[in-house]
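Asker: Sequence:
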Amino acid sequence: MSLKLVETERIRLHEQHEAERLEKTCQQIQKDGILWNPIIGMELSNGECMVLDGAHRYASLVRLGCQRIPVQVVHPMAVTVGAWDHVVKMGKWMKELHMDPECSWVGRKREDIYQIEWKTAEGTQGCFGPSGDHPSMKEQLEVWHRLVRTYSEAGPVRRVRGEHVSLLREAVLFRHPVLQLSDLTRLVETGNVLPAGVTRVTVQGRLVNLGIPLEWLQKEKPVESMWKAQCREWEQKVFS
Numbered sequence: 001m002s003l004k005l006v007e008t009e010r011i012r013l014h015e016q017h018e019a020e021r022l023e024k025t026c027q028q029i030q031k032d033g034i035l036w037n038p039i040i041g042m043e044l045s046n047g048e049c050m051v052l053d054g055a056h057r058y059a060s061l062v063r064l065g066c067q068r069i070p071v072q073v074v075h076p077m078a079v080t081v082g083a084w085d086h087v088v089k090m091g092k093w094m095k096e097l098h099m100d101p102e103c104s105w106v107g108r109k110r111e112d113i114y115q116i117e118w119k120t121a122e123g124t125q126g127c128f129g130p131s132g133d134h135p136s137m138k139e140q141l142e143v144w145h146r147l148v149r150t151y152s153e154a155g156p157v158r159r160v161r162g163e164h165v166s167l168l169r170e171a172v173l174f175r176h177p178v179l180q181l182s183d184l185t186r187l188v189e190t191g192n193v194l195p196a197g198v199t200r201v202t203v204q205g206r207l208v209n210l211g212i213p214l215e216w217l218q219k220e221k222p223v224e225s226m227w228k229a230q231c232r233e234w235e236q237k238v239f240s
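Numbering (UniProt numbering), first residue to last: 1 to 240.
The reader is advised that the hints may include incorrect statements.
[As the list claims (entries may be wrong)] Okay, the calculated beta carbon distance ranges per label pair:
(1) E220 / L167: 47 to 53 Å
(2) S182 / H134: 19 to 25 Å
(3) E23 / Q67: 18 to 24 Å
[Unchecked claim] Below, computed lysine to aspartate or glutamate pairings styled on EDC-like, alpha-carbon distance capped at 16 Å:
(4) K92 / E153
(5) K138 / D183
(6) K138 / E189
(7) K138 / E102
Hints in this document: simulated from the structure, not taken from any laboratory. As the structure is a prediction and not an experimental result, all values here were calculated from the model. Heads up, the beta-carbon is just placed ideally off N, CA and C, and yes, glycines get one too.
Full structure from sequences and hints, please.
Answerer: Next up, the structure:
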């Protein structure tokens, strides 16, 4: 186990957070007065730490005035990166994106750019991505963000996984691309983030139910001896 207190300015997110979920997470942590599960992160070559899981916990702690964040630092070999599929209801938002000249809905599947496969309950399907033959990385990410932001603002988003997902009438499924861990690292190191809720990261040996007092984390500089004593206690806990 490698459980560390990491300064907030050294922590980087690979995904945006969802405003509504952040609000709920922040309220829950404040109500409990406890952080039950640490953020899961991986050290980068420049000494910073990339959040693999726990973006909303991290953002909540920052909002609550914490200057150092408990991070379970994991080895890359313990990390598996997948992707969530999103199911949303069709509506006016979809027609508006169809009219956006920077977006393509019917393009063929390409392996050299980020594309999001989509299909409706009626059987219509295609690939969503940037228009143009050679879009830059910035253009690819901008279009991806635009899609997720647009349908997230239009209504509820249901996260699912698996090949066989039943769709109700007027529903559309978006299958987001699966990235490699090296892709996430490269994006973060170049100052980019992915849209909220598109990556699904699983980690071997995850620590849970530590019960870290919020009041203790809000201290300007937690006493190192207290932290080490707590770590020795947590080492006895069972990994999920």
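Asker: For each hint, tell me whether it holds in the structure or not.
Answerer: Against the structure, the hints:
The supplied range of 47 to 53 Å is met by E220 and L167, whose beta-carbon atoms lie about 51 Å from each other. Between S182 and H134 the beta carbon distance is about 22 Å. The supplied range of 19 to 25 Å therefore holds. At about 21 Å, the CB distance of E23 to Q67 agrees with the hint of 18 to 24 Å. A distance of roughly 12 Å separates the Cα atoms of K92 and E153; the hinted pair therefore holds under the 16 Å criterion.
The suggested pairing of K138 with D183 holds, with an alpha-carbon distance near 14 Å, which does not exceed 16 Å. With a C-alpha separation of about 14 Å, the suggested pairing of K138 with E189 holds against the 16 Å cut-off. Taken as a hint, the K138 and E102 pair is honoured in the structure, with Cα atoms around 12 Å apart against an allowance of 16 Å.
In this structure, none of the earlier numbered hints is contradicted; all agree with it.
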